[in-house]
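Peer 1: Count the sequence shown with our numbering and you get residues 152 to 244, in order.
Just so you know, not all the hints are guaranteed correct.
[What the hints assert, rightly or not] Calculated pairs, SDA-like style, for lysine to any residue (alpha carbon to alpha carbon, straight line, at most 20 Å):
hint, residue 1, residue 2
1, K169, L159
2, K199, F214
3, K173, T197
4, K173, S195
5, K169, K199
6, K173, C185
7, K199, D230
8, K169, R180
9, K163, K223
10, K169, I231
11, K223, V235
12, K236, Y216
By construction, these hints were calculated from the structure, which means they are not laboratory data.
None of the values given here were measured: they were computed from a predicted structure.
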Amino acid sequence: NIHRPQTLDQCKGQTRLKTTLKNKVTAFRTSGRCSGHLLFTGPSGTGKTTFARCFAAEMGVGFHYEMATNIKNWRQFLDIVLRVKENDVIFLD
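Full structure from sequences and hints, please.
Peer 2: Put into structure tokens, the structure is as follows:
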């Protein structure tokens, strides 16, 4: 969506989170290693998906969005994981 932020700098608020994510992007670019698992919590509309999408974009990796309630069994989850390339971001909402 062109109305949503595309970079971390375009995101409003959450200064500490942006700093942390930017540091992780820098580390990824330097080492080529993914930062591992991140957990974003908060009520609807606080930017969790937007920050995850921008984080993936800044690292130059794929972004995979899945509604957890749509995953009915382990086979469906495995199908999601098998589509993901190394260092891609999976966002389970």
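Peer 1: Each hint should be assessed against the structure and marked as holding or not.
Peer 2: Evaluated hints:
no.: 1; hint: K169 with L159; result: holds (6 Å)
no.: 2; hint: K199 with F214; result: holds (13 Å)
no.: 3; hint: K173 with T197; result: holds (18 Å)
no.: 4; hint: K173 with S195; result: violated (23 Å)
no.: 5; hint: K169 with K199; result: holds (12 Å)
no.: 6; hint: K173 with C185; result: holds (13 Å)
no.: 7; hint: K199 with D230; result: violated (24 Å)
no.: 8; hint: K169 with R180; result: holds (16 Å)
no.: 9; hint: K163 with K223; result: violated (35 Å)
no.: 10; hint: K169 with I231; result: violated (27 Å)
no.: 11; hint: K223 with V235; result: holds (19 Å)
no.: 12; hint: K236 with Y216; result: holds (14 Å)
This entry does not satisfy hints 4, 7, 9, 10, going by the numbered hints stated previously.
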